[in-house]
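For the sequence shown, my numbering assigns the number 50 to the initial residue and increments by one for each residue that follows.
It should be emphasised that the hints constitute simulated quantities derived from the structure, not laboratory data. Hints are supplied without guarantee of correctness; some may be wrong.
To be verified - Each pair of labels, with its calculated beta carbon distance range:
(1) Ser637 - Asp348: 47 to 57 Å
(2) Val681 - Pro164: 16 to 26 Å
(3) Glu630 - Pro164: 34 to 44 Å
(4) Ala670 - Lys344: 43 to 53 Å
(5) Leu241 - Ser357: 24 to 34 Å
(6) Gln570 - Glu630: 36 to 46 Å
(7) Ser637 - Val278: 55 to 65 Å
(8) Asp348 - Lys179: 43 to 53 Å
(9) Pro320 - Asp448: 28 to 38 Å
(10) Ala584 - Asp335: 28 to 38 Å
(11) Asp448 - Ile509: 43 to 53 Å
The beta-carbon is built from N, C-alpha and C at its ideal position, and this holds for glycine as well.
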Amino acid sequence: MKSDTSVIQPLDFNSADTQPVQKKRSEAESSYVSMKSDTSVIQPLDCKSGDTQPALRYKISCLYEGTAIQGNPTLLNEIYTELYITESESGEINNEHEVRQIETQSRRAATEDTPIKCSDIFRPLPGQDKPIRTVLTKGVAGIGKTVSVQKFILNWAEGKENQDVQLIFPLPFREINLMKNKKLSLLDLLNLFFPETQEMKISCDEYNMLFIFDGLDECRLSLDFKSKVKLCNISNSASVDVLLMNLIVGNLLPSALIWFTSRPAAADLIPSECVHRVTEVRGFNDPQKEEYFKKRISDQSLANRIISHLKSSRSLYIMCHIPVFCWISAAVLEKMLSQAESGEIPKTLTQMYTHFLILQTNIKHEKDYEKKVTDEDMILKLGKLAFHQLAKGNLIFYDEDLRECGIDVTEASVYSGLCTQIFREELGLHQGKVFCFVHLSLQEHLAALYVHLSFKINNINVFDQTKQSLFKFFNQKKCNLLCELHERAVNEALQSKNGHLDLFLRFFLGLSVGSNQTLLQKLLTQTGIYFYIKAETVEYIKQKIRENRSPEKSINLFHCLNELGDDSLMQEIQHYLKSGEIRGTKLSSLQWSALVYVLLSSEQKMDVFDLKHLIGAQTKADEVLQYLLPVVKESRSVR
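Generate coordinates for the entire structure from the input sequences, incorporating the hints supplied.
Written out as structure tokens, the structure is:
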């Protein structure tokens, strides 16, 4: 948000004069899943003044899904669907790709979890007697963490929940990062972000306060909790990282409540002894998925058709645990199922995201400015940024990140204006510009598209051009066939310790399929000429599954086969299961891996997994147990 909006003026809700605010928000065109700029300047108001906070309620009461229609925002309370949040045992990190974590969670029986309402995260559950000061809420990208924060604040501002809290200070890390080289006091920091605090006397005794630090995974500060620099006075100056560290450990404002949100990969940045409760946003469960589409799509018949189509593809329906994927699916399927659209209805992730990109470029063409920006130029430059920042593990980008990829700030601002549903520019309180893709999966799709197009159009292997040491595996050999490039990508994804290239790989392989090639022709005037034999890539993936000792690491490779349209192994295993021949069949290591994938992709909940159905004359119990360990881990009990 621009600094001229940092002081929110009271609005008369009975008048129609809300256009200026609506216009500014329309120009920002924020996404449904990333409301960081919306909550970054919510103003704490003097609770003693009797102000009913109308401006605050208006500010946070709206959601803008993709391109906002000027003057016609969506009310948060109308579209908000309650998310499934549970109390987690710890804030330990998970080294699997976030999509894989979602797939795992979808198998978990509800009875294993302790559900908790977002409004109750600072309240002890029955049987818990210790007060809760610091909460860490973790969840994969786009799962709804930030929208949960917005709903929490809205309920508070409307006087519905948590009225014991008098002041709320939302401080997103993407904003705080811009001040990493500053030296100031906590009071200075609050005065900068919230100018009206200059007229208030912030102290432990006078106000009950809540600090919300959204996006811990985006933190670029050095949070050194071993530092011996101790601050107890909010007027004493220090670097911003020292300020935050002292606030977190309780040296500064020890009675203030603190709430962090983070992707799982960064959950351990805060020491466990400083966190009194860990919660996990699981996104939508199955009933909540349907509720979302019925709220989002006014035509209930169309909403039901969309739900039915998503259910027909297990990989798509599992992804609907993530609210942003529901939003993407709704945007694509609402158009395709309600109009006489030609082409195949998306059944894979690559198809869905490529359709979404086409939808985005169509919106771009409807805009009246910067028509000189071609689709090819924009896609390739944004794709290069996506790829290089994915290699670094970054989801937000600053000026220096853009310059590294040959994009200047002005150019990035143009792309943000044309491509609002994919790429966004956020203006901080101090005029510092922050850029990001609306969601990690959109960044992964564009990164894959960039690698694919660089080879197709220019015969360039971009892996060899990566400055970072991430792609050590790749040698300098000239890549003449697309299947060779695919093999290199498969190997690098397998070597990744945290699986961060898994979804990128699925997109990258899927883009070579004929149906997606046809879609790309709608985007690009240059398609390039290349030689590709899909069967070679399929056989290479199967060979890697055979060589891989861990069935868990092979699961993503089966997803890749699905993107390539090869389900022969899965069909074979499903035949054995349905016919009962599985007990009398000597399975190869490849078939055992396929069996794991089929069982984990099943709609049936793994409450009790009975091994006797798989143990026969050809197999022993310990052998079955060894191969099916990933399934056993996700079952509540094993017989």
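Inset, instruction - Take a look at whether the Cβ-Cβ distance between Ala670 and Lys344 falls inside 43 to 53 Å. - result: The hinted range 43 to 53 Å holds for Ala670 and Lys344, with Cβ atoms some 48 Å apart.
Inset, instruction - Return holds or violated for the Cβ distance of Ala584 and Asp335 against the range 28 to 38 Å. - result: 37 Å, holds
Legend entry - Ser357 and Leu241 - C-beta distance against the hinted 24 to 34 Å: 51 Å, violated
Inset, instruction - Take a look at whether the Cβ-Cβ distance between Val681 and Pro164 falls inside 16 to 26 Å. - result: 25 Å, holds
Inset, instruction - Kindly confirm whether 43 to 53 Å is satisfied by the beta carbon distance between Asp348 and Lys179. - result: 50 Å, holds
Legend entry - Consistency of beta-carbon spacing, Pro164 to Glu630, with hint 34 to 44 Å: Holds - the Cβ-Cβ distance for Glu630 and Pro164, about 41 Å, lies within 34 to 44 Å.
Inset, instruction - Given the hint of 28 to 38 Å, check if Pro320 and Asp448 actually sit that far apart at their C-beta atoms. - result: 32 Å, holds
Inset, instruction - Can you let me know if the beta-carbon spacing of Gln570 and Glu630 is within 36 to 46 Å? - result: Given range 36 to 46 Å: holds, Cβ gap about 44 Å.
Inset, instruction - Indicate whether the distance between the beta carbons of Ser637 and Val278 respects the range 55 to 65 Å. - result: 60 Å, holds
Inset, instruction - Could you check the hint for me, namely that Ser637 and Asp348 are 47 to 57 Å apart, CB to CB? - result: Cβ of Ser637 to Cβ of Asp348: about 49 Å, so the range 47 to 57 Å holds.
Inset, instruction - Could you see if the CB distance from Asp448 to Ile509 stays within 43 to 53 Å? - result: For Asp448 and Ile509 the Cβ distance comes to about 26 Å; the hint is violated.
The structure shown violates the earlier hints numbered 5, 11.
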